[in-house]
Amino acid sequence: MEILKAKNLKKYYGSGENVVKAVDGISFSVEKGSFTAIVGTSGSGKTTLLNLIGGLDYADSGEVIIDGHSILEMKEEELTIFRRRNIGFVFQNYNLISVQNVYKNIILPIRLDGNKPDKEYIGHICSVLGIEGKMDRYPNQLSGGQQQRVAIARAVAAKPAVLLADEPTGNLDSRTSAEVMGLLKMTAKEFHQTIIMITHNEAIAQLADRVIHLEDGRIVGGEIEV
Amino acid sequence: MRRIMFQNSNVKLEKELAVEDYKAHPVRNRIAVLAVALTTILLVVVFFVGLGMVKTVTLAMGAAPGPGADGNVILGDEEVLERVRALPQVEWAAWARRCSTTYLHNREFNGLDVRLFAADEVHYEKNMISLMKGKYPENADEILLSDTLSERLGLEQETGIVYPLKVVVQGEDGETEKEILMTVCGYYNNPLRNVKDVYEEIYTGADFIGTYNPHIARGFDSIYVKLNNLDFFRFGYDKDEKLLEVMELAGGNGGRYKSSDMTAWVIIPVFLIACCIMFCGYFFIYNVFDISVVNDIRFYGELKTIGMTSGQLRRMLSWQKNRIAFFGIVIGGLAGYGVGRLAGKKLVDTFADGIAAYYQPAGFVETFIISAAFAWVTVFISTMKPFLRACNISPVEAARYRGKRKKGIFSIVSFALSGILFLAVYTLSMGYRVEEMMERYHETDFRIYHRASLWGQDEAYQPVSRNLVQKLEGLDFTENFRIYYLARTKPDYYEEYLSATGSYSYMPSTAEITRDGELARDMEAYNKKLEEDGVDFNSSMYYDGFAENGRGNLRVKVLGIVPEYLPAEEKYHMVLEGTLDAEEFAKGGYMIYQRSGQGQAAAAGEGMEYQVHAGDEITVTFYDDAADRYVEKELTVMAIIAKDDMFGTGNISDAHIILDDAAFRSIYSDYENLAARISFDVSEKTENGETILNGEQYETVRNIMEEDGNLQLSLDSKYRTGIEFAETKKTITVFGIFLAAVVGLIGISNMVNTVTTDVMARRLEYASMQSIGMTKKQMEKDIFLKYAHYIFIAMGLAAAAGAALTYMLAATPSFTGFSIPAFLQALIMFAVFSILLCAWMARLLTGTMNRKSIVERLREVV
Numbered sequence: 001m002e003i004l005k006a007k008n009l010k011k012y013y014g015s016g017e018n019v020v021k022a023v024d025g026i027s028f029s030v031e032k033g034s035f036t037a038i039v040g041t042s043g044s045g046k047t048t049l050l051n052l053i054g055g056l057d058y059a060d061s062g063e064v065i066i067d068g069h070s071i072l073e074m075k076e077e078e079l080t081i082f083r084r085r086n087i088g089f090v091f092q093n094y095n096l097i098s099v100q101n102v103y104k105n106i107i108l109p110i111r112l113d114g115n116k117p118d119k120e121y122i123g124h125i126c127s128v129l130g131i132e133g134k135m136d137r138y139p140n141q142l143s144g145g146q147q148q149r150v151a152i153a154r155a156v157a158a159k160p161a162v163l164l165a166d167e168p169t170g171n172l173d174s175r176t177s178a179e180v181m182g183l184l185k186m187t188a189k190e191f192h193q194t195i196i197m198i199t200h201n202e203a204i205a206q207l208a209d210r211v212i213h214l215e216d217g218r219i220v221g222g223e224i225e226v
Numbered sequence: 001m002r003r004i005m006f007q008n009s010n011v012k013l014e015k016e017l018a019v020e021d022y023k024a025h026p027v028r029n030r031i032a033v034l035a036v037a038l039t040t041i042l043l044v045v046v047f048f049v050g051l052g053m054v055k056t057v058t059l060a061m062g063a064a065p066g067p068g069a070d071g072n073v074i075l076g077d078e079e080v081l082e083r084v085r086a087l088p089q090v091e092w093a094a095w096a097r098r099c100s101t102t103y104l105h106n107r108e109f110n111g112l113d114v115r116l117f118a119a120d121e122v123h124y125e126k127n128m129i130s131l132m133k134g135k136y137p138e139n140a141d142e143i144l145l146s147d148t149l150s151e152r153l154g155l156e157q158e159t160g161i162v163y164p165l166k167v168v169v170q171g172e173d174g175e176t177e178k179e180i181l182m183t184v185c186g187y188y189n190n191p192l193r194n195v196k197d198v199y200e201e202i203y204t205g206a207d208f209i210g211t212y213n214p215h216i217a218r219g220f221d222s223i224y225v226k227l228n229n230l231d232f233f234r235f236g237y238d239k240d241e242k243l244l245e246v247m248e249l250a251g252g253n254g255g256r257y258k259s260s261d262m263t264a265w266v267i268i269p270v271f272l273i274a275c276c277i278m279f280c281g282y283f284f285i286y287n288v289f290d291i292s293v294v295n296d297i298r299f300y301g302e303l304k305t306i307g308m309t310s311g312q313l314r315r316m317l318s319w320q321k322n323r324i325a326f327f328g329i330v331i332g333g334l335a336g337y338g339v340g341r342l343a344g345k346k347l348v349d350t351f352a353d354g355i356a357a358y359y360q361p362a363g364f365v366e367t368f369i370i371s372a373a374f375a376w377v378t379v380f381i382s383t384m385k386p387f388l389r390a391c392n393i394s395p396v397e398a399a400r401y402r403g404k405r406k407k408g409i410f411s412i413v414s415f416a417l418s419g420i421l422f423l424a425v426y427t428l429s430m431g432y433r434v435e436e437m438m439e440r441y442h443e444t445d446f447r448i449y450h451r452a453s454l455w456g457q458d459e460a461y462q463p464v465s466r467n468l469v470q471k472l473e474g475l476d477f478t479e480n481f482r483i484y485y486l487a488r489t490k491p492d493y494y495e496e497y498l499s500a501t502g503s504y505s506y507m508p509s510t511a512e513i514t515r516d517g518e519l520a521r522d523m524e525a526y527n528k529k530l531e532e533d534g535v536d537f538n539s540s541m542y543y544d545g546f547a548e549n550g551r552g553n554l555r556v557k558v559l560g561i562v563p564e565y566l567p568a569e570e571k572y573h574m575v576l577e578g579t580l581d582a583e584e585f586a587k588g589g590y591m592i593y594q595r596s597g598q599g600q601a602a603a604a605g606e607g608m609e610y611q612v613h614a615g616d617e618i619t620v621t622f623y624d625d626a627a628d629r630y631v632e633k634e635l636t637v638m639a640i641i642a643k644d645d646m647f648g649t650g651n652i653s654d655a656h657i658i659l660d661d662a663a664f665r666s667i668y669s670d671y672e673n674l675a676a677r678i679s680f681d682v683s684e685k686t687e688n689g690e691t692i693l694n695g696e697q698y699e700t701v702r703n704i705m706e707e708d709g710n711l712q713l714s715l716d717s718k719y720r721t722g723i724e725f726a727e728t729k730k731t732i733t734v735f736g737i738f739l740a741a742v743v744g745l746i747g748i749s750n751m752v753n754t755v756t757t758d759v760m761a762r763r764l765e766y767a768s769m770q771s772i773g774m775t776k777k778q779m780e781k782d783i784f785l786k787y788a789h790y791i792f793i794a795m796g797l798a799a800a801a802g803a804a805l806t807y808m809l810a811a812t813p814s815f816t817g818f819s820i821p822a823f824l825q826a827l828i829m830f831a832v833f834s835i836l837l838c839a840w841m842a843r844l845l846t847g848t849m850n851r852k853s854i855v856e857r858l859r860e861v862v
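Same order as they appear, the protein sequences are chains G and A. Under the numbering used here, the first sequence has 224 at position 224, and the numbering climbs by one with no breaks. Under the numbering used here, the second sequence has 430 at position 430, and the numbering climbs by one with no breaks.
Watch out, some of these pointers could steer you wrong.
What the hints assert, rightly or not - Label-pair ranges, simulated between beta-carbon atoms:
1. LYS119(G) to SER318(A): 37 to 47 Å
2. VAL99(G) to LEU272(A): 34 to 44 Å
3. ASP118(G) to ARG843(A): 31 to 41 Å
4. LEU272(A) to LYS119(G): 33 to 43 Å
It should be emphasised that the hints constitute simulated quantities derived from the structure, not laboratory data. This one's a predicted model, so the numbers in the text were calculated from it and none came from an experiment. Note that CB positions come from ideal geometry on N, CA and C, so glycine has one too.
Let the sequences and hints guide you as you build the complete structure.
Okay, structure coming up:
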């Protein structure tokens with residue numbers, strides 16, 4: 001079952017001779033529960049693509065449908081709420097809230113929604129990610145790997161339809177990177193998550209179920225016909 | 001191994017780095033300059049107005065003529081004048097010659113002391129007799145009037161009018177009144193505006209004296225002396241010795257000077273206010289630099305890592321601080337001076353009604369220098385701690401530095417200060433009740449008092465006429481008509497003054513009692529205590545104590561009062577012993593004793609115990625001057641009282657012995673001539689029972705007094721007082737709003753700066769939260785709560801401290817008590833404003849941050 005479909009996405013910057021075609025007519029779809037890696041060199045448009053499919057940015061043209069909802073037609077607030085409930089993000093530099101402890105960081109999206117967290121579920125996530133003993137700590141008291149685990153926990157805590165990871169191992173050493181990748185795969189399996197990961201590292205990308213190659217804003221390999 | 005010290009020779013690099021670092025902080029620089037400028041504006045305004053007030057008050061205090069000369073006068077003739085002018089310690093000397101032996105006797109000048117002078121050009125110029133219309137008098141039959149006198153007489157500053165003056169000339173057989181027709185040749189701007197209701201000067205040509213008053217005593221004209229060697233820091237206390245020095249060198253028949261001891265009372269508050277402003281400014285400037293240093297602490301750590309010393313770092317920061325201080329002080333100095341020049345005179349005029357004519361603005365240079373010095377000190381103190389932190393932190397600490405969340409405290413305190421000031425200003429001005437002030441100063445709606453019964457005069461005592469009393473009593477709008485009598489004995493002038501000046505100086509009304517009896521013993525014991533304390537009560541009638549006269553009797557003030565008036569007087573006095581029982585008093589045989597004019601404190605001091613007490617039956621022997629007889633009275637002391645009224649409202653406060661009207665009449669055979677006070681109320685009322693006071697009533701009473709022609713009477717009215725205090729209320733409001741506005745701006749700017757910086761420092765976090773689903777509304781709410789957290793604490797502080805401060809100020813005589821409704825209004829306004837500020841800033845910051853997309857913000861390197 002398709003959980004995400006992108007149709008002819010375009011995102012250009014500048015105009016005339018100086019136009020930069022960050023995403024130039026990309027179309028692909030992702031199956032529910034799958035782990036997809038989008039690979040490309042620096043400037044290939046992978047982060048821009050992630051931002052478009054994650055609703056962080058608006059495409060100049062095209063469509064993105066997540067779980068049956070066309071997100072690019074949504075107004076800003078609607079999109080934000082949709083993102084909060086349906087898309088989880090894991091960033092390269094973790095983007096944890098420094099003034100909140102680990103537990104509060106994890107349940108932040110749930111609280112933003114005005115809901116009460118399912119403590120049992122949160123506890124399970126933390127246990128799976130190996131951070132159950134760090135609930136009272138603050139981000140600056142954790143290592144990079146630990147912070148990324150917290151970020152993953154936050155991303156899945158709201159049980160989103162899709163989890164988007166932007167270079168999740170970019171700031172980590174190789175060993176920790178391998179750990180985090182393993183956790184991402186386990187999370188996908190454990191919580192039936194669909195994961196789309198951006199990376200420039202081919203080796204990391206091979207851990208995914210499917211790899212889509214990007215170059216100059218276009219898919220050059222690994223796409224599925226829409 | 002020998003250690004070789006290398007000298008730092010990279011001053012140029014320090015400056016280069018300073019310039020680059022300075023350029024990298026445009027927002028901080030602007031805010032810091034704003035902070036310094038605001039502080040400087042306030043300082044300049046305060047010093048400008050303050051120093052101007054010092055000059056103004058110095059001139060205006062004592063209400064002495066010769067404003068340009070600070071009231072310094074030497075009595076002499078033209079020979080003395082020439083010698084005075086030749087002295088190096090005299091900047092200039094002006095000459096004003098007496099043309100009338102005493103004040104002019106025109107009826108329309110009733111209530112006024114109007115003098116006629118022939119003055120030289122120096123006097124006109126230096127003592128601010130500046131021409132408004134016409135010309136200065138040149139001939140004996142020309143006169144120059146003030147604009148205030150013109151207004152009083154309804155002359156509309158018309159020149160060419162022929163006006164009769166009743167001049168007192170010195171004849172061979174004594175003083176006589178002479179009516180002389182004079183032509184009004186011009187009008188001048190009255191520099192003695194503050195006393196226009198009691199004193200005026202008219203000028204005529206120098207040959208008036210030769211023509212009309214050739215036998216007037218010579219050598220007693222006023223030579224106004226401007227000294228150039230007074231010590232500023234002695235605040236005028238050295239005036240008499242410097243004047244005496246001039247007098248001894250030049251000769252002369254005495255001198256006068258205006259007391260300047262109020263100067264300190266202006267300077268001290270000015271410096272206190274300046275310190276408060278520095279305090280406000282300190283919070284703001286400290287906060288700006290503290291935030292800046294914290295934000296850049298890693299940069300400073302990196303600089304130290306690559307070899308910059310603490311001293312170099314400090315110099316780099318100081319260069320920026322000095323540049324900011326320079327711009328802020330210059331901008332604030334110029335702006336503040338502009339405000340001061342525009343508003344200074346108005347502030348002086350409204351704060352101290354009538355002395356604006358003396359207004360002398362402070363000089364730009366002195367004001368700017370003092371203000372700049374205070375502002376620079378504020379900047380220096382404010383930046384000490386942040387710079388110390390930046391200079392002393394190690395590179396490792398800097399890399400880990402997270403800052404301490406203390407900066408909010410300064411914003412809170414700064415905002416609270418603004419709130420306190422606003423609450424105080426609003427409550428004091430809105431809660432200021434003009435009616436209450438009117439009641440404070442007036443027991444009745446009108447009061448006519450005989451000046452000569454209270455103060456010395458230049459001419460013989462002129463009793464209140466029966467005709468005046470009847471006319472006033474007969475007015476259709478009067479009720480509660482009362483007369484108070486004060487005994488007077490002769491001789492009633494100072495012999496010493498006559499021999500010294502050639503003129504009479506008449507004493508205020510006093511009676512006398514013999515030295516036997518219990519009462520006299522109490523008075524003499526009091527005298528003894530005063531002598532031990534160094535009070536020379538024999539030298540002046542205005543000192544506490546009971547002087548002895550030529551007959552060997554004690555001078556006392558004896559007042560006669562109709563018993564039914566007694567209850568009205570009770571609220572102005574403290575009853576130390578006994579009771580004030582009007583019914584009992586009316587039965588006769590009683591007296592009330594008030595020993596001291598200084599109130600209870602002096603009366604109850606150590607060694608001041610009373611020798612007589614309430615209930616004692618005593619014998620007092622009064623001297624009736626008119627009949628040259630002694631009258632012995634057996635009296636019971638009904639009560640011992642002391643004055644408890646600082647506003648001069650009571651009518652028996654200056655009497656030592658208070659008798660019922662019948663007893664007084666039985667002692668003093670010239671009773672009818674001894675009326676000292678007449679008071680009455682207005683009978684016209686509104687439907688609600690409120691008294692109707694208006695200018696028409698005032699003018700009616702004034703016209704009657706004018707027709708009566710007794711120039712020794714003065715008129716007080718609740719109506720006029722009401723007008724004055726209404727102006728005062730306006731003043732407090734205007735000035736208070738100005739002060740609150742500027743201090744408020746400091747507080748608001750400080751709060752906005754702190755929270756904005758805090759929020760902007762968290763922009764990555766907000767972007768993160770937005771990426772995971774925080775809406776703009778939620779973001780705005782989060783920022784609002786952040787502001788609200790600070791502001792509500794500040795509001796709490798402001799409410800508590802503001803209430804306390806306002807309560808204390810409202811309890812002083814200048815105000816009318818703490819008004820709870822006004823305070824609550826102010827608090828509500830403050831709360832509403834604060835909430836609106838929070839909401840507005842939250843909206844603004846949310847919009848500002850969201851100008852960049854989430855993605856752009858997430859990509860920013862913090």
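Here's how the hints hold up against the structure:
no., hint, verdict
1, LYS119(G) to SER318(A): 37 to 47 Å, "violated, 55 Å"
2, VAL99(G) to LEU272(A): 34 to 44 Å, "holds, 41 Å"
3, ASP118(G) to ARG843(A): 31 to 41 Å, "holds, 34 Å"
4, LEU272(A) to LYS119(G): 33 to 43 Å, "violated, 59 Å"
When each numbered hint is compared with the structure, violations occur for hints 1 and 4.
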